[in-house]
Amino acid sequence: ETGVTQTPRHLVMGMTNKKSLKCEQHLGHNAMYWYKQSAKKPLELMFVYNFKEQTENNSVPSRFSPECPNSSHLFLHLHTLQPEDSALYLCASSLPGKGGDSGNTIYFGEGSWLTVV
Amino acid sequence: GQSLEQPSEVTAVEGAIVQINCTYQTSGFYGLSWYQQHDGGAPTFLSYNALDGLEETGRFSSFLSRSDSYGYLLLQELQMKDSASYFCAAAPYYNQGGKLIFGQGTELSVKP
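As given, the protein sequences belong to chains A and B, one line each in that order.
All residue numbers for the first sequence refer to my numbering, where the first residue is 1 and numbers rise by one.
All residue numbers for the second sequence refer to my numbering, where the first residue is 1 and numbers rise by one.
Derived by calculation from the structure, the hints in this document are not laboratory data.
In this text the structure is predicted, and so the values were computed from the model without any measurement.
Treat the hints loosely; a few may be bogus.
Claimed, not checked - These stretches of chain B come out as covered by chain A in the derived footprint (C-beta under 8 angstroms, 3 or more residues):
id	region
1	38-50
2	65-71
What the hints assert, rightly or not - Computed list of lysine to any residue pairs in SDA-like fashion (alpha-carbon distance at most 20 angstroms, straight line):
id	chain 1	residue 1	chain 2	residue 2
3	A	Lys40	B	Gly58
4	A	Lys40	B	Tyr48
5	A	Lys40	B	Ser65
6	A	Lys40	B	Thr23
7	A	Lys40	B	Arg59
8	A	Lys19	B	Lys81
9	A	Lys19	A	Asp85
10	A	Lys40	B	Ser8
11	A	Lys41	B	Lys81
12	B	Lys81	B	Thr26
13	A	Lys41	A	Thr115
14	B	Lys81	B	Thr106
15	A	Lys41	B	Gln36
16	A	Lys19	A	Glu67
17	A	Lys41	B	Phe60
18	A	Lys40	B	Gln104
19	A	Lys41	A	Val116
20	B	Lys81	B	Glu9
21	A	Lys52	A	Glu67
22	A	Lys41	B	Thr26
23	A	Lys40	B	Gln2
24	A	Lys40	B	Glu5
Every residue, glycine too, gets a C-beta built ideally from N, C-alpha and C.
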């Protein structure tokens with residue numbers, strides 16, 4: 001148990017479907033992230049939220065739409081995805097960056113395995 | 001571009017010592033972290049080096065040389081449960097919290 005909970009753990013969706021991934025953290029953090037993990041590739045940062053405000057969109061296609069209603073919850077809305085979007089989507093949280101150790105330790109959820117058919 | 005290079009896989013036997021190397025090329029650099037991920041699990045934080053030298057945490061140690069853009073994770077007294085993927089991650093931005101650049105991961109297999 002990392003303090004970051006993601007649901008659903010597994011999701012299969014068609015290319016025309018709309019679905020959402022949910023993330024909740026119980027660590028009192030104010031920064032939240034979405035990362036994508038594909039086989040044999042580095043984790044890719046997708047979005048960063050600090051104090052509910054999006055501070056980074058790492059050139060992510062608009063078919064991925066994040067939402068952060070408060071510092072404890074993060075969503076990733078999915079619409080008209082492609083088969084190449086199939087991957088493990090990891091949510092993470094941390095203290096906002098202040099330099100030094102605390103800002104560079106991030107806590108990941110166990111991820112949502114997404115398969116697009 | 002920004003990248004971190006690490007070996008794709010390493011195999012070792014129980015009780016042995018293994019070193020996983022990581023070289024990085026980033027536009028800025030404020031520290032190197034290591035994460036462990038078991039199959040089906042969340043990546044979990046192992047260690048962080050902001051300064052040159054060795055950081056020791058139990059059986060695991062991590063080393064950084066900023067002048068060489070190089071670091072390593074050292075695992076001692078290997079156990080079967082250490083079989084996992086290990087990722088190095090660089091913090092290229094100051095005051096940017098968890099905005100990390102990850103390596104592709106090293107899959108460690110520990111044999112009896």
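Results of checking the hints against the structure:
1. Figure legend: the region 38-50 of chain B, annotated as covered by chain A; annotation consistent (8 residues with Cβ-Cβ distances under 8 angstroms, at least 3 required).
2. Counting residues of the region 65-71 of chain B whose CB lies closer than 8 angstroms to any CB of chain A gives 0, which falls below the minimum of 3, so the coverage claim is violated.
3. Using a Cα cut-off of 20 angstroms, the hinted pair lysine 40(A) and glycine 58(B) is violated, with the two alpha carbons roughly 29 angstroms apart.
4. Restraint check for lysine 40(A) and tyrosine 48(B): not satisfied, since their Cα atoms lie roughly 23 angstroms apart, outside the 20 angstroms limit.
5. A distance of roughly 26 angstroms separates the Cα atoms of lysine 40(A) and serine 65(B); the hinted pair therefore is violated under the 20 angstroms criterion.
6. Note on lysine 40(A) and threonine 23(B): the hinted pairing holds, with a Cα-Cα distance of about 17 angstroms set against a maximum of 20 angstroms.
7. For the suggested pair lysine 40(A) and arginine 59(B), the alpha carbons sit about 27 angstroms apart, so the restraint of at most 20 angstroms is broken.
8. Between lysine 19(A) and lysine 81(B) the alpha-carbon distance is near 35 angstroms, which puts this suggested pair outside the 20 angstroms criterion.
9. Of the pairs offered as hints, the one joining lysine 19(A) and aspartate 85(A) holds, with about 13 angstroms between alpha carbons and a cut-off of 20 angstroms not exceeded.
10. With a C-alpha separation of about 8 angstroms, the suggested pairing of lysine 40(A) with serine 8(B) holds against the 20 angstroms cut-off.
11. Simply put, lysine 41(A) and lysine 81(B) have alpha-carbon atoms about 23 angstroms apart, too far for the 20 angstroms limit, and the pair is violated.
12. Restraint check: the Cα-Cα separation between lysine 81(B) and threonine 26(B) comes to about 32 angstroms, which exceeds 20 angstroms; the hinted pair is violated.
13. Taking the CA atoms of lysine 41(A) and threonine 115(A), the gap is about 17 angstroms. The hint holds against a cut of 20 angstroms.
14. For the given pair, lysine 81(B) sits about 15 angstroms from threonine 106(B) by alpha-carbon distance, which is consistent with the 20 angstroms threshold.
15. Distance check on the hinted pair: lysine 41(A) and glutamine 36(B) sit about 15 angstroms apart at the alpha-carbon level, within 20 angstroms; holds.
16. At roughly 13 angstroms between alpha-carbon atoms, lysine 19(A) and glutamate 67(A) fall within 20 angstroms of each other, so this suggested pair holds.
17. In summary, the hint linking lysine 41(A) to phenylalanine 60(B) is not supported, as the alpha carbons are separated by about 24 angstroms, beyond the 20 angstroms threshold.
18. Straight-line distance between C-alpha atoms of lysine 40(A) and glutamine 104(B) comes to about 6 angstroms, which keeps the hinted pair within the 20 angstroms bound.
19. The suggested pairing of lysine 41(A) with valine 116(A) holds, with an alpha-carbon distance near 18 angstroms, which does not exceed 20 angstroms.
20. For the hint pairing lysine 81(B) with glutamate 9(B), the CA-to-CA distance comes to about 16 angstroms; that is within 20 angstroms, so the pair holds.
21. Note on lysine 52(A) and glutamate 67(A): the hinted pairing holds, with a Cα-Cα distance of about 9 angstroms set against a maximum of 20 angstroms.
22. Only pairs whose Cα atoms come within 20 angstroms are accepted, and lysine 41(A) paired with threonine 26(B) is accepted, the gap being roughly 17 angstroms.
23. For the hint pairing lysine 40(A) with glutamine 2(B), the CA-to-CA distance comes to about 17 angstroms; that is within 20 angstroms, so the pair holds.
24. Distance hint between lysine 40(A) and glutamate 5(B) is fulfilled; the C-alpha atoms sit about 12 angstroms from each other, no more than 20 angstroms.
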